[in-house]
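Enquirer: Sequence:
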Amino acid sequence: MAISTRKTLTRKKDPEARNQNMMAMIRKVHGIIENPDLEKHRQSQDHVGALLGNSKDILIRSVDIQGMMGEWVSVNRAHMKKYIILYCHGGGYSTGSSLYARTLTTKLASSTSMDVLCFDYRLAPENPYPAAAQDAMKAWNYLMLLGYGARDVIIAGDSAGGNMALSLVLKLKEEGRLLPRGLVLMSPWTDLTSSGKTHQTRAEVDPVLDAAYLDRMIKGYAEEIDLKDPMISPLFGDFTGFPPTYIQVGDNEILLSDSTMLHKKMVQENVSVKLDVFKGMWHVFQMSPLKTAYDAMDKNAEFIYDICR
1 MAISTRKTLT
11 RKKDPEARNQ
21 NMMAMIRKVH
31 GIIENPDLEK
41 HRQSQDHVGA
51 LLGNSKDILI
61 RSVDIQGMMG
71 EWVSVNRAHM
81 KKYIILYCHG
91 GGYSTGSSLY
101 ARTLTTKLAS
111 STSMDVLCFD
121 YRLAPENPYP
131 AAAQDAMKAW
141 NYLMLLGYGA
151 RDVIIAGDSA
161 GGNMALSLVL
171 KLKEEGRLLP
181 RGLVLMSPWT
191 DLTSSGKTHQ
201 TRAEVDPVLD
211 AAYLDRMIKG
221 YAEEIDLKDP
231 MISPLFGDFT
241 GFPPTYIQVG
251 DNEILLSDST
261 MLHKKMVQEN
271 VSVKLDVFKG
281 MWHVFQMSPL
291 KTAYDAMDKN
301 AEFIYDICR
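Using this note's numbering, the first residue of the sequence shown is number 1, and each one after it goes up by one.
One thing to keep in mind: the hints can contain errors.
In silico DSS-like pairs for lysine-lysine, Cα to Cα no more than 30 Å straight-line [said to hold, decoys possible]:
hint	residue 1	residue 2
1	Lys264	Lys173
2	Lys228	Lys274
3	Lys228	Lys265
4	Lys56	Lys171
5	Lys264	Lys299
6	Lys138	Lys291
7	Lys40	Lys56
Hints in this document: simulated from the structure, not taken from any laboratory.
What you are looking at is a predicted structure, and each value in this text was computed from that prediction instead of being measured.
Please put together the full structure from these sequences, using the hints given.
Expert: Printed below as a string of structure tokens:
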């Protein structure tokens, strides 16, 4: 007698469906954090940073930079001291802090084994442009006074912090000063005129940003200022002579064009630049406790090791 056996097949969840579920969760979490009361919004972000940026493997040291607070983030083990990372946090220039940025700075310190300095620049709308830019230069000058050379520093930033990192280097170049060893940008906000096509084509899928949010941030930070000013929208700057630059962006975010257009312009101006577009990812996905986020940080570390040889 023939015995027939039937295999039970376990169907794996469709990757696209899994990604949609993940983005729905991100949209929900972001909705909880974002609050029309700006101060409550800032507090919610700090709670997230304290929760997700807490690790026994990381040391946090507060620092006072001529009245501006910041913190050094380091791995709790022997590590590289020659090179350091100056980190510019995101938040649309109106929110964010070094505490919130621990979701990124702790990963960056861990993946590179380098010290990371993040600073609490003044926020809009209480302190519109150029307050934040002045504070970024203050942080840079602080490192120079500590004895670091420009070539010992990698400047990194996410979202508005990516804007700040680019603007800082443009300002250093304008003043004829030495430039940093390199730039690492995660979902940088490079064009406040919102001219990129993905501001429309990704509007329905982006779980984090929308046009109304960007408009509020722009109004608070740079109202009545020419948005094509390179210090406001670095995309319109001159990148000739810029240091090596690495850009990461998700393909489901409205700021995708801000990265692709920056990459194209830097290539045209002979900058050593690399762009990685992460499929299915959203704005500053590196904050999330996901494998893709850690993989992206490893790629940041690879780039930094490469330029520090």
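Enquirer: For every hint, state whether the structure bears it out.
Expert: These are the hints, each one checked on the structure:
Pair hint Lys264 plus Lys173 holds up; C-alpha atoms about 20 Å apart against a cutoff of 30 Å. Annotation: proposed proximity of Lys228 to Lys274 holds, straight-line Cα distance about 24 Å (limit 30 Å). A C-alpha spacing of about 15 Å is found between Lys228 and Lys265, which places the hinted pair at or below 30 Å, so the restraint holds. Distance restraint check for Lys56 and Lys171: the Cα-Cα separation of roughly 37 Å exceeds the 30 Å cut-off, and the hinted pair is therefore not satisfied.
Between Lys264 and Lys299 the CA atoms are separated by roughly 20 Å; this keeps the pair inside 30 Å, and the hint holds. Taking the CA atoms of Lys138 and Lys291, the gap is about 35 Å. The hint is violated against a cut of 30 Å. As the CA atoms of Lys40 and Lys56 are separated by approximately 28 Å, the hinted pair is consistent with the 30 Å bound.
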